[in-house]
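Taken in sequence, the protein lines are chains E and S.
Residue 323 in our numbering sits at position 323 of the first sequence, and the numbers go up by one each step.
Position in the second sequence (from 1) plus 554 gives the number in our numbering.
One or more of the hints may lead you astray.
[As the list claims (entries may be wrong)] Which stretches of chain E does chain S cover? Using the computed rule of at least three CB atoms under 8 Å from a CB of chain S, they are:
id, stretch
1, 81-91
2, 127-136
3, 257-270
[Stated by the list, open to error] In silico BS3-like cross-links for lysine-lysine, where the CA-CA straight-line distance does not exceed 30 Å:
id, chain 1, residue 1, chain 2, residue 2
4, S, Lys663, S, Lys830
5, E, Lys277, S, Lys663
6, E, Lys328, S, Lys830
These aren't lab readings, by the way, just hints derived from the structure by calculation.
Every residue, glycine too, gets a C-beta built ideally from N, C-alpha and C.
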Amino acid sequence: MLRLKNGRIYDPAHGVDGEVRDLYIEDGRIVAAPGPDARIDRDIDLAGRVVMGGAIDLHTHIGGGKLNIARALLPEDHRQDPLPTSGGMHAGCGHAAPSTWTTGYRYAEMGYTACFEPAMQPTNARHTHLEMGDTPMVDKGAYAMLGSDDFFLRMLASGADQRLINDYVGWTLDASQAMAIKVVNPGGISAFKFNARSLDLDEAHPYYRVTPRQVVQALARAVHDLGVAHPLHVHASNLGVPGNADTTLATMAAAEGLPIHLTHIQFHSYGTEGERKFSSEAERIADAINRMRNVSADVGQVLFGQTVTVSGDSMKQYGNHRHASPDKWVVMDIECDAGCGVVPFKYRDKNFVNALQWAIGLELFLRVNDPWRIFLTTDHPNGAPFTSYPHLIRLLMDKRFRDSKLDEINAEAAAHSQLRSLDREYSLYEIAIMTRAAPARSLGLTDRGHLGEGAAADIVVYRDDADREAMFAQPEYVFKDGQLIVRDGKVVNVVNGALHVVKPEYDKGIEKPLKDYFDRYMTVRMENVRISDDEICTCGASKLIPHVCKGRAA
Amino acid sequence: MLWHFSLFESSISVSSPSVCCPFCGLLCDDLEVVREGDGVRLERPACPRASRLFSIPDPGQAMIAGLPISLDEACRSAAIILSGSHRPLIGGLGCDVTGHRAALSLAEKLGGVVDHMHGRAQFRNVQAFQDGGWVTTTLSEVRNRADLIVLAGTDASRYPRFFERCLAPASQFGELTRKVVVLGDPVPSIPVMDGVSVSSIPIDAGRLGELFAVMRASLAGMPTRAADVAGVSIGQIEALLADMRAARYGVLVWNAAELDFPQADLTIQSAVNLVKDLNQATRWSGLPLGGDDGGTSAAQTCTWQTGYPLRTAYEIAGPRYEPLLFDSDRLLKTGEVDALVWISAFDPERTPPAVDCPTVVLGRADMRFARAPDVFIPVAVPGVQHAGFLHRMDAVVALPLSAPASSSLPSVAQVLAIIQGETNHAAA
């Protein structure tokens, strides 16, 4: 048994805010304080240290076909950050589109113990699981993308019963070994294949005549009825378009009270005020989130520097290709299933739009009152690589630091932004909520993201440094399932993570029309889209962790 | 006995009840086969390539310098060769993802370089891709949407079922009148298909770039004053361009292996730039044919593990990518590598290049050599004799391979793991 003594515990799931307590760990789990006779094999004194659960990133593009496109596209970026083979760690590369190995090591070195890939296309799922299988250290999971796939749109257009849609969504989660459902530019990826260049929330799809609103509603209902813990994960229409805040608010309302998660909401909080017809609508968006208890969001914070944007939103990525830096870009239509776009991007602090994007993201963090419903993300790598999280945490926790950065950005953008008037500084307790307790709760991970009895011993220990960036960049200890994996910000023990999936109940009768559809129109058999449980470990995960869903009556 | 192979057989578990064909980049997964001898016989459909390769008429024998030897001895001998090498080339890479993972692991351990047997063709695409990116599509999109298919410098005949799988069938979006235009060979071999009209414009593949450049200029409002370009009349070019602009979903198909001339990457770049430009008004996508002998999986696996799509060396500072310098043929010719591991588990005709350095071959049991390699280790054929994973040419779809004729032969991954383990002893 391992005892972590005298640490200051931040465990929001149990309302523990910086109390000094001991933690006991046995067989990979946190256990109750044993009696005085118990044998303690190892004692670590953590006096003055900050102790939290392992951090969980619920929206990070760590693996899958479009990531591999981004990797292959950017050798010049990798060359800046090569990693040698060392101490049981594989060679690889870092920065914007890191190799799978490096991704796992660097997440663990920041105290993250679980990462969720938010855009797995079912026809690309096996490839995604192969990549995640080579992503060490952390637990993984993926959200299956639906909403622009032709089978779903055919069903919706033909007025199929919601129960049938639920079965198809259940089948997709099961077959692709996913943790949640994501919709990206609802119907829009498909519309782009019919040469549409935009699709507003209530605009009819050029072929199916259904609207994005109907897509969102049908999928949000299905996810709810199937009892999937994480709400429908929505990348809304009109990403990046000035004035899109109206669409975003209308999308929240379209859920009609059903749980809904709006992702990288920073990219969806734009107005059209001012000379440049580009302005912040962070206040309206944050007010709506504060008001609507069924809505959660992650931010997708922009931080300055070179990165690469990868998205299933082929329509909007095509529209953005003019901004590619370096000037090269990839767009792909995928298998009557979805699409993707990869556009390298350099966010510049002296650029008005980029600077305002930066300020809008921070405004959203500071204006949303409830840290249980707003999550810390950069939409890696779209707003910035995940390795910039410690910097982002400091921006949230340290107003003087934030204001000093505000002084450096494009002056016009700084003048337009109300950021300086926001005095809020996140506490350690709030950071622990938004990076641990809240994502675990949102995903239904009952034994992660907290430090209570029975929890998996994913534990992070930080030195309490006033420079929060330095503090969060280099935890003193990271434990994964009770094993010490990182010491002083460096991997000391390479482990592999598990794969989290949901196992909803649905009527397998859906396979009859689905098989007929695949046999008629696809170039792959339906049976081969399905990934068996056994395949997951062959792909590389240490084990499969299934999460039962309790269906909710429609 | 160094290894208990049956343990591995059970650890590779895949779900597909159907048989998927690993022998070209199409990865058709609708095959019916019956077991026969050490391989299987293809029942359906008729595909000359699959017919030839599913049958494996030889149980195989490990050899050192052409003389029979046990598997253990062969692996030990391979390890000794590799331990003595300063920089080996782990080449060929004709295997499945599990094999590629093992090949990368061995290369990392030895400080080796990795390249695929079709690297020269692959890198014509990679160079164009890394320079400007592209807009591409996948097979099911072509099957359902494509109304104009332009084949540039290929008639797709190296992919025997391309037309049957991707162009002949019905579209889910209602009746589709398809046009196929072949730019290239004056007598293309394209099957007759209902609802598909075929025409061709004879042009030397080496001059396709000129044709595409003129078309792009015309799209940009700068028509050429020449009467013809690359032997094609301006009238014909403008008519083709008008058709291309009128297409609802056009697909430009090429096969980098058939664009076999200097600076062919620039021809590919001109093709993908034309596709980009056409997208300003309508929808067009490129479709690069390829992916034979596990080529797509090799590039994908290397990309996610190192960041680079092959032609990468494991050096002290980390992976080093040199797409021009790390061409297998060049490395072998210049002596910049001093040992070769040649992996070729799909096709017995894909034998190693003739080289001066010590060579270890992991090949199909029925592989024959003009000159016996230093070490030959017969391996199971992925998708016939062992299960696994393989990527289709579009890199989106990775399929489970089954083992309709599972064999006692070890897989590439198993042999490489033994050799990697043995290099510890050899180096000690």
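Holds or violated: are the alpha carbons of Lys328(E) and Lys830(S) at most 30 Å from each other?
-> Roughly 11 Å between the alpha carbons, so the hint for Lys328(E) and Lys830(S) holds.
Coverage criterion applied to the stretch 257-270 of chain E (partner chain S; beta-carbon cut 8 Å; 3 residues) | That given contact is violated, which follows from only 0 residues of the stretch 257-270 of chain E lying within Cβ reach (below 8 Å) of chain S.
Closer than 8 Å, Cβ to Cβ, for at least three residues: run that test on the stretch 81-91 of chain E against chain S and report holds or violated.
-> holds (count 6)
CA of Lys663(S) to CA of Lys830(S), is that 30 Å or under?
-> violated (42 Å)
Do the alpha carbons of Lys277(E) and Lys663(S) lie within 30 Å of each other, as the hint requires?
-> violated (56 Å)
8 Å C-beta criterion, at least three residues: is the stretch 127-136 of chain E covered by chain S = Satisfied; 4 residues make the cut.
Hints 3, 4 and 5 from the earlier list are contradicted by this structure; the remaining hints agree with it.
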